[in-house]
Amino acid sequence: MPTVLRRCAAIIGLVGMAGLAQAQDAHLARNLAATCANCHGTNGHARGDMKPLAGVAADKIIAMLADYKSGNQPATIMHQISKGYTDEQIKLVAAFFAAQPASK
Amino acid sequence: MKTLNLGRRHLLGAGAALAATTLAGCAGMSTGPSIGRVVVVGGGYGGATTARYLKLWGGNVDVTLVERNAQFISCPISNLVLGGYKQMSDITRGYDGLKAVGVKVVQGEVSAIDAAGKKVRLAGGSELPYDRLVLAPGIDFMADEVGGLAPALNSGRVLHAWKAGPQTVALRQQIEAMPDGGVFAMFIPKAPYRCPPGPYERACVVASYLKTAKPKSKVLVLDGNPEITSKKGLFEKAFKDRYSGMLEYRPNAELKELAGGVAKLEFEDVKADVLNVIPPQRAGDLARSAGLLNMNNRWVGVNWLTMESTAAPGVHVIGDATFPAPLMPKSGHMANQHAKVAAAAIIQLLKGEAVNATPVVMNTCYSFVTNREAMHVASVHQYDAADKTFKTVPGSGGVSAAANQIEARYALSWAENIWADSLAL
Chain A
1 MPTVLRRCAA IIGLVGMAGL AQAQDAHLAR NLAATCANCH GTNGHARGDM
51 KPLAGVAADK IIAMLADYKS GNQPATIMHQ ISKGYTDEQI KLVAAFFAAQ
101 PASK
Chain B
1 MKTLNLGRRH LLGAGAALAA TTLAGCAGMS TGPSIGRVVV VGGGYGGATT
51 ARYLKLWGGN VDVTLVERNA QFISCPISNL VLGGYKQMSD ITRGYDGLKA
101 VGVKVVQGEV SAIDAAGKKV RLAGGSELPY DRLVLAPGID FMADEVGGLA
151 PALNSGRVLH AWKAGPQTVA LRQQIEAMPD GGVFAMFIPK APYRCPPGPY
201 ERACVVASYL KTAKPKSKVL VLDGNPEITS KKGLFEKAFK DRYSGMLEYR
251 PNAELKELAG GVAKLEFEDV KADVLNVIPP QRAGDLARSA GLLNMNNRWV
301 GVNWLTMEST AAPGVHVIGD ATFPAPLMPK SGHMANQHAK VAAAAIIQLL
351 KGEAVNATPV VMNTCYSFVT NREAMHVASV HQYDAADKTF KTVPGSGGVS
401 AAANQIEARY ALSWAENIWA DSLAL
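One line per chain: the protein sequences are A and B, in this order. If you're matching positions, the first sequence starts at 1 in our numbering and goes up one per residue. If you're matching positions, the second sequence starts at 1 in our numbering and goes up one per residue.
FYI, nobody ran anything at the bench for these hints, they're computed from the structure. Be careful, since some hints might not be right.
Here are the computed lysine-lysine pairs in the DSS-like style, where the Cα-Cα straight-line distance is at most 25 Å [said to hold, decoys possible]:
{"id": "1", "chain 1": "B", "residue 1": "Lys104", "chain 2": "B", "residue 2": "Lys118"}
{"id": "2", "chain 1": "A", "residue 1": "Lys91", "chain 2": "A", "residue 2": "Lys60"}
{"id": "3", "chain 1": "B", "residue 1": "Lys271", "chain 2": "B", "residue 2": "Lys216"}
{"id": "4", "chain 1": "B", "residue 1": "Lys118", "chain 2": "B", "residue 2": "Lys99"}
{"id": "5", "chain 1": "B", "residue 1": "Lys391", "chain 2": "B", "residue 2": "Lys190"}
{"id": "6", "chain 1": "B", "residue 1": "Lys216", "chain 2": "B", "residue 2": "Lys86"}
{"id": "7", "chain 1": "B", "residue 1": "Lys214", "chain 2": "A", "residue 2": "Lys83"}
{"id": "8", "chain 1": "A", "residue 1": "Lys60", "chain 2": "A", "residue 2": "Lys104"}
{"id": "9", "chain 1": "B", "residue 1": "Lys391", "chain 2": "A", "residue 2": "Lys83"}
{"id": "10", "chain 1": "A", "residue 1": "Lys83", "chain 2": "A", "residue 2": "Lys60"}
{"id": "11", "chain 1": "B", "residue 1": "Lys118", "chain 2": "A", "residue 2": "Lys83"}
{"id": "12", "chain 1": "A", "residue 1": "Lys91", "chain 2": "B", "residue 2": "Lys391"}
{"id": "13", "chain 1": "B", "residue 1": "Lys214", "chain 2": "B", "residue 2": "Lys271"}
{"id": "14", "chain 1": "B", "residue 1": "Lys237", "chain 2": "B", "residue 2": "Lys211"}
{"id": "15", "chain 1": "B", "residue 1": "Lys99", "chain 2": "A", "residue 2": "Lys104"}
Coverage of chain A stretches by chain B, computed from C-beta distances (three or more under 8 Å per stretch; other residues unrestricted) [stated by the list, open to error]:
{"id": "16", "stretch": "42–53"}
{"id": "17", "stretch": "84–98"}
Which stretches of chain A does chain B cover? Using the computed rule of at least three CB atoms under 8 Å from a CB of chain B, they are [what the hints assert, rightly or not]:
{"id": "18", "stretch": "24–38"}
{"id": "19", "stretch": "56–64"}
All values derive from a computational prediction rather than experimental measurement. From the three backbone atoms N, C-alpha and C, an ideal C-beta is built for every residue, glycine too.
Construct the complete structure from the given sequences, taking the supplied hints into account.
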């Protein structure tokens, strides 16, 4: 029974997520991440002095941006840009970059 | 339990369908049936990015990019060429990256747009049919607003260098030929114009060069606006701290007429060794000849969810040619961001899907105040469904605390990254 219950719970969770996903554009994470590409490279594959984001763990990206937003992490520009995105948007962006193959 | 089981079967089915879609999506990159034909006219920041992202996100979309020039030459960073700190080769890139990802690049001039017949005619007489058209025409000049300006520009005696290319090379030559003790005078048009901080950056970079090479020279900045239009405090500080005695800034100094090498303002005449006039601007000729200038007879109004012209649905217009949302600058960075909104929407429209209802765009413009120090202005713009426009997020964005060397490095890295992103390098 516990196994069945766990499975049911997992299914309900999935159905719930599917419901949420329908409410927003299927490509929202991809589109939001593309707003970062001008500096951080296409799909997060940055060049030069910019920080690559491709393949970076989502938790790390979320924590970095939270620190920029709060001012805990000083920055030249990211403290201003991070405040333009909601926490939900940052989670989507972080998940997108985490899923990209890391820069070589 | 029955319901849940049914749900589970559906989920598995959905999972299998998703997997199939993903595989088909991958296969479709090279072999599947085309979802449509898109013609993009203009291979600057906006047009190139649209072509690139249509291929990146759309898989099998037929994308043709029409551009009159053989190569992409960047306006951002071009002021450093005027100062002698960069060469033209540093700001020039090719279209081979776009060709490699499957964009058909056609070097040519568009002679007519047949929106009803959904085709573009090229100067050579050939026609390109399309399902969706993207125009990225940039800006063109309203030279007739200033008496004598059109012939002065046509003769090459007065340069604008507000489109990077031969004008940039020629203005650099004029600056180099200037005698020590000469005057470089630049005129800034009333806003809106392409690249708000660009004129002030140019004044600084030219002054930086002259300070070393011809220290008795003068830079005269004659601004048609009542004050510096971007990074005001930072530019005022740069003018005062770095170029005091050499650079003179005058607000409300609109150019009225050019006559016999003399620039006439309302109450005075200005003579200079180099006259650099940035003319008043409007959306590019292509948008005008297509009848799309429905905002002040000057800019193109757009639906921000799709970037379609409000004058001609099905024709998407991006970049500097658009009538901007509040506080949205005309910049290469912003054109690249418009392009991504357009590319995502066009793919969905071709597939008959709903478009993204919550797009976001952002902007960063770096300006050099010397060859080694730069500063930024940044903004984030979220779509507001109630007002159907992009709005900056309160509390976000801003400018540098001060010009600094780290941001000069970032400015050059920004260029490398956006060129790679736009041109698939």
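Hint-by-hint comparison with the structure:
1. Under the criterion of a C-alpha separation no larger than 25 Å, the hint pairing Lys104 (chain B) with Lys118 (chain B) is consistent with the structure, at around 18 Å.
2. Annotation: proposed proximity of Lys91 (chain A) to Lys60 (chain A) holds, straight-line Cα distance about 11 Å (limit 25 Å).
3. Under the criterion of a C-alpha separation no larger than 25 Å, the hint pairing Lys271 (chain B) with Lys216 (chain B) is consistent with the structure, at around 16 Å.
4. Taken as a hint, the Lys118 (chain B) and Lys99 (chain B) pair is honoured in the structure, with Cα atoms around 24 Å apart against an allowance of 25 Å.
5. Under the criterion of a C-alpha separation no larger than 25 Å, the hint pairing Lys391 (chain B) with Lys190 (chain B) is consistent with the structure, at around 23 Å.
6. Annotation: proposed proximity of Lys216 (chain B) to Lys86 (chain B) holds, straight-line Cα distance about 23 Å (limit 25 Å).
7. Annotation: proposed proximity of Lys214 (chain B) to Lys83 (chain A) is violated, straight-line Cα distance about 44 Å (limit 25 Å).
8. The hinted pair formed by Lys60 (chain A) and Lys104 (chain A) meets the criterion: a straight-line CA distance of about 19 Å does not exceed 25 Å.
9. Using a Cα cut-off of 25 Å, the hinted pair Lys391 (chain B) and Lys83 (chain A) holds, with the two alpha carbons roughly 14 Å apart.
10. This hinted pair checks out: Lys83 (chain A) and Lys60 (chain A) have alpha carbons roughly 17 Å apart, not beyond 25 Å.
11. Taken as a hint, the Lys118 (chain B) and Lys83 (chain A) pair is broken in the structure, with Cα atoms around 42 Å apart against an allowance of 25 Å.
12. Distance hint between Lys91 (chain A) and Lys391 (chain B) is fulfilled; the C-alpha atoms sit about 21 Å from each other, no more than 25 Å.
13. Restraint check for Lys214 (chain B) and Lys271 (chain B): the C-alpha separation of about 18 Å stays at or below 25 Å, so the hint holds.
14. Of the supplied pair hints, the one linking Lys237 (chain B) and Lys211 (chain B) holds, its CA atoms being roughly 17 Å apart against a limit of 25 Å.
15. Of the supplied pair hints, the one linking Lys99 (chain B) and Lys104 (chain A) holds, its CA atoms being roughly 23 Å apart against a limit of 25 Å.
16. With 6 residues carrying a beta carbon less than 8 Å from a beta carbon of chain B, the stretch 42–53 of chain A meets the three-residue requirement, and the given coverage holds.
17. Coverage of the stretch 84–98 of chain A by chain B holds. Counting CB-CB distances below 8 Å, 3 residues qualify, and the rule asks for three or more.
18. With 11 residues carrying a beta carbon less than 8 Å from a beta carbon of chain B, the stretch 24–38 of chain A meets the three-residue requirement, and the given coverage holds.
19. Coverage of the stretch 56–64 of chain A by chain B is violated [criterion: at least 3 residues with CB-CB distance below 8 Å; count 0].
Comparing the model with each earlier hint shows violations of hints 7, 11 and 19; every other hint is respected.
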